[in-house]
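Enquirer: From just these sequences and the hints, can you work out the full model?
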Amino acid sequence: MALLEIKNLHVGVEDEDIKILNGVDLTLDTGDLHAIMGPNGSGKSTLAAVLAGREEYEVLDGEILYDGENLLELEPEERAEAGVFLAFQYPVELPGVSMTNFLKEAVNSVREARGQDELGSADFLQYMRERADMMGLNADLTKRSVNEGFSGGEKKRNEIFQLAMLEPKLAILDETDSGLDIDALKNVADGVNKLRSEDRGFLIITHYQRILDYIVPDHVHVMLDGKIVRTGDKDLALELEEHGYDWVREEAAAAA
Amino acid sequence: MSTSETEYLKGKASEEYKHGWYTDIESEKAPRGLSEDIVRYISKRKDEPEWLTEWRLKAYRYFKQLIDSGHYPDWAHLDYERPDFENMRYFAAPNGQAQYESLDDVPDEILETFERLGIPLEEQKALTGVAVDAVMDSVSVATTFKEKLREKGVIFKSFGEAAKDHPELVRQHLGSVVPYTDNLYAALNSAVFSDGSFVYVPEGVTCPMELSTYFRINEAGTGQFERTLIVTEPGAYVSYLEGCTAPMRKENQLHAAVVELVAHEDSEIKYSTIQNWYPGDEDGNGGIYNLVTKRGICKGDNSKISWTQLETGSAVTQKYPSVILAGDNSVGEFYSVAFTKGHQQADTGTKMQHIGKNTKSTIISKGISADVADNSYRGLVKVSANADGARNFSQCDSMLLGPDCGAHTYPYIESNNPTAQIEHEATTSKVGDDQMFYCHQRGLGEEEALKLIVNGFCQEVLQELPMEFAVEAKELLDIELEGSVG
Ligand SMILES: Nc1ncnc2c1ncn2[C@@H]1O[C@H](COP(=O)(O)OP(=O)(O)O)[C@@H](O)[C@H]1O
Ligand SMILES: [Mg+2]
Chain A
104 MALLEIKNLH VGVEDEDIKI LNGVDLTLDT GDLHAIMGPN GSGKSTLAAV
154 LAGREEYEVL DGEILYDGEN LLELEPEERA EAGVFLAFQY PVELPGVSMT
204 NFLKEAVNSV REARGQDELG SADFLQYMRE RADMMGLNAD LTKRSVNEGF
254 SGGEKKRNEI FQLAMLEPKL AILDETDSGL DIDALKNVAD GVNKLRSEDR
304 GFLIITHYQR ILDYIVPDHV HVMLDGKIVR TGDKDLALEL EEHGYDWVRE
354 EAAAAA
Chain B
84 MSTSETEYLK GKASEEYKHG WYTDIESEKA PRGLSEDIVR YISKRKDEPE
134 WLTEWRLKAY RYFKQLIDSG HYPDWAHLDY ERPDFENMRY FAAPNGQAQY
184 ESLDDVPDEI LETFERLGIP LEEQKALTGV AVDAVMDSVS VATTFKEKLR
234 EKGVIFKSFG EAAKDHPELV RQHLGSVVPY TDNLYAALNS AVFSDGSFVY
284 VPEGVTCPME LSTYFRINEA GTGQFERTLI VTEPGAYVSY LEGCTAPMRK
334 ENQLHAAVVE LVAHEDSEIK YSTIQNWYPG DEDGNGGIYN LVTKRGICKG
384 DNSKISWTQL ETGSAVTQKY PSVILAGDNS VGEFYSVAFT KGHQQADTGT
434 KMQHIGKNTK STIISKGISA DVADNSYRGL VKVSANADGA RNFSQCDSML
484 LGPDCGAHTY PYIESNNPTA QIEHEATTSK VGDDQMFYCH QRGLGEEEAL
534 KLIVNGFCQE VLQELPMEFA VEAKELLDIE LEGSVG
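Which chain is which? The protein sequence lines are A and B, in order. Counting from 1 along the first sequence, just add 103 to a position and that's the residue number in my numbering. Counting from 1 along the second sequence, just add 83 to a position and that's the residue number in my numbering.
Calculated directly from the structure, the hints in this document are not laboratory data. You may find that some hints are simply not true.
As the list claims (entries may be wrong) - For the chain A half of the interface with chain B, some residues (derived, Cβ under 8 Å), not all of them:
1. Ala183
2. Val195
3. Gly199
4. Val200
5. Asn204
6. Val213
7. Ser248
A quick note: this is a predicted structure, and the numbers were derived from the prediction, not measured. Just so it is clear, CB atoms sit at the ideal spot from N, CA and C, and this is done for glycine as well.
Expert: What follows is the structure, encoded as structure tokens:
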């Protein structure tokens, strides 16, 4: 069943005469993992932000259905509660906000939306420990303020850890692999693989093919200038690695 | 800042003050206005010794002289009408009683008042580990756990009782840190001070529980002028907390307290305040003028005084809890959160006076403003010529919640010793759209997100509060941030 359907999506920036997405079409079934690849500036993060509900972007045309419902009608927090998770390309720091408090509120608001009981402090801490263990996250990080003073790699791992905590239906990873050394990359890939399941879809945005050596996608899309110009299976990623983005660009130009 | 956030913040000033009710109890009040007769009346009602009456009168004469010569302290970044000293009452005793012998004598209405404020005065109901002195208007109505403290030799009494039971101790220290000549309000307080607490911790004793005084203004048209004096002998330790609320009233009421701390060698005083006086309504009418003088002296070597304050209430707050670092190696700390919204104004900070050698001070100030409120930090770090090796670290952070509020920082440094190391950092921030969005993406609504971020901003200060009160402080901040978000 289609978890996410993006149809002819056109997006610009409010109050400015900028168009970023120029007719994106994409259908993602529950249980599938899609990768979107594309050069810098092609609109990948914008797509992720629009899915998560960032206000500064304006949808000019098209629609997004999530579980068959109009996703664009929901507030960002309602989307989160409905099971949409975004691992940010640049996670922000929340000075003084402890990971425990932050995640307890987050987990409980998502649980409440799903009709589950709130977790009390003891149960929550237990759950957090289990998940940190499962994700191979240094437990010390869970005792600090959210992302404050975390290294680049730690911030990315923390995003995947939060994914594991919140158990979304749709997980969007925006360049979680960028800037990671090989060990951190494997750790993140490991985490994602553990979290793949029949009732969860993944949209993995990446600039490099590298992470797809560890996370095998069901479908690969190439985005260029705000449009998906090619779709294929995992081999497309390898082709892209070999020929570079100029190859798709030429192909796209020839096709037009 | 997103529009929805601005909308949301606008709604906050109008939200109701939780402690704004009034207890209907008969009260014996002094006639309005101030004179030598009024000062004598107060002293007599409190059955005070002659020396104290004389001291009050001296203070009164000094006050009068300041007023007559136009010495009014209006240098702070504050805009408010001068209190009408002639039209105020300087003494109100609920139930006409200036003192209660025991809890059994305290009328039910008063017990209920405090119970409603979350301060039960019956020991079996009380928070374990906290002894409370409860002051309503000008009178201390009860002090809990006296027995338990007495075993350790700790004195924790209303000021009035202490002046009678321990005249030598009180006389020795009263006005020793804040003389009545200090400023107009210190002079006024010294002349008419009503009640407050006296704490004395003998040599080598660690006070076995938190001590707390809870101040409640109940009567209309009266000022609150409490006086607190805390003395720790060598090697002693005490942690003390004051809390305060008042009913909602259309007119402004004056609160002019004086707090004096004396720490002898190797002793430590930790003084925390959760100030939640009525701030006035959404149009800026009414509310308490909180004009307070607080100062401590680290008299002995290796002594330490630490001020922690959470200031959320009052229409106008002007206070600078300070430390005179006289003993060598003594330590002064000031941790402050001042939250202003609606039409509230706060001008607060500290003075750290380094006199002894290798003295050290730390200042962490967090100011938060919303709506059209104004919030200033004003601090002085002064290093005397003999204070070799003095060190200070100051950090003053302001957070603006909206486009129409103000934050100001006035750090003053006077160093007369080249070996002093003084560091000052200041930041002003807004709650970032990115931060809010990050929280929303994790399922947190507008209000929850803002509470988390503001609490995080204050964390460094809140963690200094005694555990028993940290929760209360967090809740208070949350209530302050609560609005009518749809
Ligand atoms: N808020 C914005 N305002 C103006 N331009 C933007 C904004 N967000 C993105 N853009 C522009 O849109 C294009 C796509 O950006 P982005 O989605 O971040 O690309 P990618 O993630 O693929 O590198 C870039 O040219 C970028 O500068
Ligand atoms: Mg990007």
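Enquirer: Does each hint fit the structure? Answer for all of them.
Expert: Going down the list of hints, with the structure as the test:
{"no.": "1", "hint": "Ala183", "verdict": "holds (4 Å)"}
{"no.": "2", "hint": "Val195", "verdict": "holds (5 Å)"}
{"no.": "3", "hint": "Gly199", "verdict": "holds (3 Å)"}
{"no.": "4", "hint": "Val200", "verdict": "holds (3 Å)"}
{"no.": "5", "hint": "Asn204", "verdict": "holds (7 Å)"}
{"no.": "6", "hint": "Val213", "verdict": "holds (5 Å)"}
{"no.": "7", "hint": "Ser248", "verdict": "holds (7 Å)"}
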